[in-house]
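**Student:** In order, the protein sequences belong to chains S and B.
Residue 48 in my numbering is what sits at position 48 of the first sequence, and the numbering runs on without skipping anything.
With positions in the second sequence counted from 1, the corresponding number in my numbering is that position plus 1000.
These are computed hints drawn from the structure, not numbers from a lab.
Note that this is a predicted model, so its numbers are computed, not measured.
The reader is advised that the hints may include incorrect statements.
In silico DSS-like pairs for lysine-lysine, Cα to Cα no more than 25 Å straight-line [claimed, not checked]:
hint, chain 1, residue 1, chain 2, residue 2
1, S, 41, B, 1049
2, B, 1104, B, 1069
3, B, 1022, B, 1104
4, B, 1077, B, 1022
5, S, 41, B, 1077
6, S, 44, B, 1022
7, S, 51, S, 15
8, B, 1022, S, 41
9, S, 54, S, 44
10, S, 41, B, 1104
11, B, 1022, S, 54
12, B, 1049, S, 44
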Amino acid sequence: EAGVTQFPSHSVIEKGQTVTLRCDPISGHDNLYWYRRVMGKEIKFLLHFVKESKQDESGMPNNRFLAERTGGTYSTLKVQPAELEDSGVYFCASSHQRGASYEQYFGPGTRLTVT
Amino acid sequence: AQSVAQPEDQVNVAEGNPLTVKCTYSVSGNPYLFWYVQYPNRGLQFLLKYITGDNLVKGSYGFEAEFNKSQTSFHLKKPSALVSDSALYFCAVRSGNTPLVFGKGTRLSVIA
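Chain B extracted, bound-state conformation:
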């Protein structure tokens, strides 16, 4: 069965510092990996995805994520955090025709 783990419920970072939101996955077959962000009172917004090719994927709002097959990880990163990045972040995985499977979400708080 597919699964996604986001080990941190909450991540706090100072504005201007780099941020990392962790995600590990378990899937049989080739994984398709996604990051979504949810701002207050809004739906999930697509940030970026890994399908194949370059392990470093760049997405919206300056975010990037690195696919690591040996560690089955897909951590979300940003070199310099903004207060406006504060939101709930979800990692998700899919393989073949299986449904999208989400992690529990990580709340990111960027402090000015």
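Bound-form chain S, shown alone:
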């Protein structure tokens, strides 16, 4: 069974540019989550999809971030325009069940550097 995959693995962009991150969850997992880790700090929740619907987007930092999951399969996270403080590692995770007791399976992350 393939795990969660993310693309690209690294991205370096200039302030003001746009970047789109992609996540492919484990096949059959309806729940998809985005997280971000800024250097040396906690991994912070961004949002949660159940199929194609946004279940919880309370962690999205501002309206420069747009997440989509058309068709309920892969998801994209677009940052437009990027700012310096957006630098960090963006993780995607998926789970089959949405309950709090179920573990989430994480992808390798996308390291975003905004210069």
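Fit chain B to the given chain S structure using the hints.
**Tutor:** Using the frame of chain S, we list chain B on its own:
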């Protein structure tokens, strides 16, 4: 608000010695507690979780963790450390339908 504290940024242990990585949490309601490990250039891997029942939870690669409700702790342990255990370890908590909340992570270095 939920929170997780991992008081040690770095833990060093000699190979073959027991290891402990500390975690304390704060949550309203019943906690669901998780440990994840991140090896270099890899994603987070699930190690183990506490949901209910026996306070001692056993997980992957010989790791275990003990849930202590009175001390609100969920320390990760292994009786005999391996060099290959060197990695970044994250403790996380969830309650009800709230998002998963992580600690800052503890870097474990096992020295041969």
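**Student:** Is it true that the CA of residue 1022 of chain B sits at most 25 Å from the CA of residue 1104 of chain B?
**Tutor:** holds (12 Å)
**Student:** Taken at face value, is the distance from the CA of residue 44 of chain S to the CA of residue 1049 of chain B at most 25 Å?
**Tutor:** holds (19 Å)
**Student:** Sort out whether residue 54 of chain S lies within 25 Å of residue 1022 of chain B, counting only the CA atoms.
**Tutor:** Violated, at about 34 Å.
**Student:** Next pair to validate is residue 1104 of chain B with residue 1069 of chain B; report whether the Cα-Cα distance is within 25 Å.
**Tutor:** holds (21 Å)
**Student:** Sort out whether residue 41 of chain S lies within 25 Å of residue 1022 of chain B, counting only the CA atoms.
**Tutor:** holds (17 Å)
**Student:** Starting from residue 1077 of chain B, check that the Cα of residue 1022 of chain B is at most 25 Å away, please.
**Tutor:** Given pair residue 1077 of chain B, residue 1022 of chain B holds - Cα atoms ~9 Å apart, limit 25 Å.
**Student:** Holds or violated: residue 51 of chain S with residue 15 of chain S, Cα cutoff 25 Å?
**Tutor:** violated (32 Å)
**Student:** Starting from residue 41 of chain S, check that the Cα of residue 1049 of chain B is at most 25 Å away, please.
**Tutor:** holds (22 Å)
**Student:** Hey, residue 41 of chain S versus residue 1104 of chain B, does the alpha-carbon distance stay inside 25 Å?
**Tutor:** Holds - the C-alpha atoms of residue 1104 of chain B and residue 41 of chain S are around 5 Å apart, at most 25 Å.
**Student:** For a C-alpha distance cap of 25 Å, please report whether residue 41 of chain S and residue 1077 of chain B respect it.
**Tutor:** Holds, at roughly 23 Å.
**Student:** Would the pair residue 54 of chain S and residue 44 of chain S pass a check requiring their Cα atoms to be no farther apart than 25 Å?
**Tutor:** Holds, at roughly 17 Å.
**Student:** Keeping to a limit of 25 Å between CA atoms, is the pair of residue 44 of chain S and residue 1022 of chain B held or broken?
**Tutor:** Holds, at roughly 20 Å.
Hints 7 and 11 from the list above are not met by this structure, while the remaining hints are.
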